[in-house]
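Enquirer: Keeping their order, the protein sequence lines are chains A and B. Heads up, the first sequence is in the UniProt record's numbering, so the first residue is 1 and it goes up one at a time. Heads up, the second sequence is in the UniProt record's numbering, so the first residue is 1 and it goes up one at a time.
Hints in this document: simulated from the structure, not taken from any laboratory. Wrong hints could be hidden among the right ones.
Remember, identical chains collapse to one label, so a pair may be satisfied in a single copy or spanning two.
[Claimed, not checked] Quick list of in silico lysine to any residue cross-link-like pairs, SDA-like style, CA-CA up to 25 Å:
1. K84 - Q253
2. K231 - L363
3. K186 - E26
4. K174 - P57
5. K84 - R262
6. K48 - A290
There are 2 protein chains.
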Amino acid sequence: MSSVEPRLLANAIRFLSIDTIVHAGEGHQGVPLGMAEISTALFTRHMKFSPADPTWPDRDRFVLSNGHGSMLLYSLLYLTGYEKISLDQVKTFRELGSHCAGHPEIDPACGIEVTTGPLGQGIANAFGMAVAEAYLAARFGADLVDHYTYAFVGDGCLQEGIGQEMISLAGHLKLGKLVLFWDDNKITDDGATALSISEDVAARFRVADWHVIEVDGHDVEAVSAAISLAKRDPRPSLIACRTIIGRGLPRVQGQRGGHSARLFAKDAAAARELLDWPHAPFDIPDDTLAAWRAAGHRSDAEHAAWRKRLTALPAADRAEFERVQAGELPAGWREVLHTYKQRATADSEPKPGIFASAEINDLLVDILPERIVGCADLESPTSHKRNLAAFTAADRAGAYVHCGVREHLMGAMANGIAAHGGAIALAVTYLAFSDYERPAMRMAALMGLPVKFVFSHDSIGVGKNGPTHQPVEILAALRAMPNMLVMRPADAVEAAECWEVALEQRRTPASLIFARQALPTVRTHHGDDNLSRRGAYVLADPEGGPRAVTLLATGSEVNVALAARLLLQADGIPTAVVSMPCWSLFDAQDADYRHAVLGEGTVRVGVEAAMRFGWDQYLGSHGGFVGMTGFGASGPVDQLYERFGITPSAVAAEAKRHL
Amino acid sequence: MSSVEPRLLANAIRFLSIDTIVHAGEGHQGVPLGMAEISTALFTRHMKFSPADPTWPDRDRFVLSNGHGSMLLYSLLYLTGYEKISLDQVKTFRELGSHCAGHPEIDPACGIEVTTGPLGQGIANAFGMAVAEAYLAARFGADLVDHYTYAFVGDGCLQEGIGQEMISLAGHLKLGKLVLFWDDNKITDDGATALSISEDVAARFRVADWHVIEVDGHDVEAVSAAISLAKRDPRPSLIACRTIIGRGLPRVQGQRGGHSARLFAKDAAAARELLDWPHAPFDIPDDTLAAWRAAGHRSDAEHAAWRKRLTALPAADRAEFERVQAGELPAGWREVLHTYKQRATADSEPKPGIFASAEINDLLVDILPERIVGCADLESPTSHKRNLAAFTAADRAGAYVHCGVREHLMGAMANGIAAHGGAIALAVTYLAFSDYERPAMRMAALMGLPVKFVFSHDSIGVGKNGPTHQPVEILAALRAMPNMLVMRPADAVEAAECWEVALEQRRTPASLIFARQALPTVRTHHGDDNLSRRGAYVLADPEGGPRAVTLLATGSEVNVALAARLLLQADGIPTAVVSMPCWSLFDAQDADYRHAVLGEGTVRVGVEAAMRFGWDQYLGSHGGFVGMTGFGASGPVDQLYERFGITPSAVAAEAKRHL
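In isolation and in its complexed conformation, chain A is listed as follows:
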């Protein structure tokens, strides 16, 4: 513990934040000023971390879920000695290219564990990190994996539904090493929290079986004592910290303007007077900075001991631990998929699309023990639990998380698992409900986390459950998202290929989208090449002459296109079928390949049981399309395809119309 008064340590955060925000001309002072003492207690007395080795696998994780208060994080990173967060870097706060962006942007090498800002995401990521920690601890033992996950959270994160989902499931799973610090300042952007909430937030946590401690958030000793209790309690802990937003700024503290009202030099001067801080802007007294830097070394011994334990491991154990930490796949994983693919090529029995994915995942259980599968109360229809035990409060070795009907939490949990490292996260639900987890999917794409979002029930093929459950616009909505592989395999063969590509990703999430209905095998000729890797490929060549028509299709409609091709060929029209399981992979191919596949100069018709939106880029100015023009309906699948005109004869007619 430092000999410098905690008050001064906290004020170092305050003035660094104030000076930077004044310098930048904007920022959110509410959090760094309101949570300065809390941060001091956590970072100088409890956090296990190493600014010299920021990605130490067993470090405690810290998530600033109220990400608008990013200056708090940058202040802490500078003060504790993260090399990349120098004072000069801090002074570039909110400038283009700065590590100190408006909201924290994931960069573990800088001490930034996840990107935060959209409220609720951060605490749900922290939940996922705690799941990953518990799972990895069960797998590798406490000698290698034994850390806490701490998150700072404001009222907004807790009002969000995803925050409430997190409270409920974290309590249920008894994630005892998850500790939240609630910045209970009674102010949101609109003003008093009383405008929109009157419940006892701490009581709501208690209902979910959290350990709750209520403290004065400006009392470093009290907060520190609470952390000690929290670390010992087997339940997840909420440290409810009563705070004053923007504390230290006479003009705005405790008020709505404390959140992010513009600050001026005179505000900084008034704060200096109020808090008795005689130092110039950006000037941290040597002893104070030294005390903070010492905090950055407080885990050095633990760090060295951990390294020693790692080094002392049997070589194979160490290699396995380092493999999963590095996100590398084990020898033999590819062969499992290739074997499945070869078998699937010869399988003449149609099977539900999602069950192909389930079979593939079942084969991966042994070889990829780092898979953690979350599913939102659809175990039976999606079937991705085969041979996996449930991850429960009593059994941390289980790799299947029954998320309940909480899709949003599931997606953000998967992000947290991926950000933690050491595990591969899957999130499974119906495609129609992807909208519920879409904010988390966006964060995965933005952060470059290779989460596998798995979806079933991908079209009107859902049938009688009707339009609420039938996606028509969702493929397009996902394809529009940068850095998201959207894959819609046509059969079990393409499913294996898409899984292979998805598993290879290090910086890109994938949406793996499957039909509910049975799909016949369309890839009946085995080849070693992964054709799906190029995004689109010619599945069936034209016969009897140069290609006149190109039918482009995905997923369950590839088979419709193949049948349409037979009709056209019977009429003497040489027709190719192109399967397009992943548009963005195709877009990344060279122009020659793309033009050859698309058949420049031929009549092109897209076929997909979805909206046309986005298809025109492949269809040219005179292309045709057979698909949906609005929402679906409740009825038998075959009748729906007839009703909406997605049939081989309709496709053939559309092609002829454009010839």
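Starting from the structure of chain A, add chain B where the hints point.
Expert: Just chain B now, kept in the frame of chain A:
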């Protein structure tokens, strides 16, 4: 009250549901069998409704939030005598074209208040209905508006974040006329609820200041007594009903299979034996059916009295009530917008896009008192509260709902308000957070509810708050949605035009999307025509020859296109600028208009600070595009436009590249 035993009334629901599900070959028996007594208590003793006048404005609203249990609703509608839900109609359950779809599909004339299925939406709609009721009661008095909103809810709806948001805000707002019936059957699709939840759900409601009553859900008397208490309590009420899922089916009741395991004739026979129901399939004994039909008439006197009160009103009062109920706009509303538009045409001062919308809405306060505005804790930056009081527990006349940071609830609340009728619902937040309410937006589009979803901060124009807050893919994602008008006005003039079109809608929601940054006026010549009504129009004509280049742009980039046009014209290239505030309106124009606007044969370049996805349909095979290719960044707005190459010179260069 009926002389037929309640047990028999409940069993009539059971067997009608069982027989229909067996007949259909699939369905969800869990809810109709588990909630049969609850329904009997509510519909035969408490509900104020009129099957003969299903859309009676002051009817109690009933929402089946656990919509998969749709056969419960159809059974009730048939039994109580809704003309369109005949026995023959019920027998078409889950067939194409049936009123009895897999999940309930909105049709108030049939007694179906909202479409439900995606979990949590229904109870949030019910919340919105209760808000609308309270607001309209304050406006028109209890003589005209004084009804309850009842909703059935399962565990799934309450696990969903949106359900938790609803619990929190309904308690805060003391929506005393909202009554939920929780089907506490301890089973979800995965099996025991204990797999994913262990908290005391009733206690969670109590924390949020709900009135909670716990009863045996199979005891009609107990449930009825609870409803009586709930109706009198000033808080929203949860009637927690302990039930047995699928009760009456010996093979599956109380078990996972009770939810939706396939039923067979022998199951129906076993249920008949167990429950002593000797009647043939679909045969409801006359006295039982008569008792149910009598229940359908129990509100006749209230209905007549209400009609009489309405008739007795002063003509103007009655006309006003009937106007808002019919969703008709008052005389003069259009002139308000026209006047604003004329003034805006002459306004040379750039102003933040969202503030134009705020100004317009401010002008509508007096003339459209039926507007109810929800906002997710962004009052200050979106500014749509001007001159509106807050809707609170103490003041129901306020038209502004501080939703807190609960976007998803806000969207579904707006749907509930619109479905209730008598009010126009707005939901306001940043565009980046539209993903949080997207599942509700999809329901608005599917239901055809004319909700106004208002968004600010629509692009990298957000600036230093960075990529989490900068939409790049969301315009495309919304444009892909059927029946959703996506409008991105370029200035205050187009804002007024788009608001005019949005307000005219009766069956289509609109997303009105505005920039944070200041926009100059691009429509500097006033005309009476609403040019935005056609979706796209030529804003600037080419000069000096036939059009060679067409620049297509929306929103804040229209001004970029205008500047690029000047560069091209300076190089002697006749260039037109097309503003495209609403793609789907443009797509609905005739081919001649579309071709003329797009300039067939000219070089076309799209300009939008967003992904290209979807643009190709307007650009032809050789079109160009200037916009985003990935996520944004944190930095000053001007630098971001430079960094991402969205500048007049880049647009001009792109056009030349294609010439």
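Enquirer: Against each hint, give a clear statement of whether it holds in the structure.
Expert: Taking the hints in turn, this is what the structure says about them:
For the identical chains of this complex, K84 and Q253 are neighbours neither inside a copy (31 Å) nor across copies (62 Å), given an alpha-carbon limit of 25 Å. Taking the shortest alpha-carbon separations for K231 and L363, neither the intra-copy value of 38 Å nor the inter-copy value of 56 Å comes in at or below 25 Å. For the identical chains of this complex, K186 and E26 are intra-copy neighbours only, at 22 Å inside a copy versus 51 Å across copies, given an alpha-carbon limit of 25 Å. For a Cα distance limit of 25 Å, the shortest separation of K174 from P57 inside one copy, 22 Å, qualifies, whereas the shortest one across copies, 48 Å, does not.
Taking the shortest alpha-carbon separations for K84 and R262, neither the intra-copy value of 27 Å nor the inter-copy value of 61 Å comes in at or below 25 Å. Taking CA atoms no more than 25 Å apart as the test, K48 paired with A290 passes inside one copy only; the shortest distance there is 18 Å, against 73 Å between copies.
Checked against the numbered hints given earlier, the structure breaks hints 1, 2 and 5 and satisfies all the rest.
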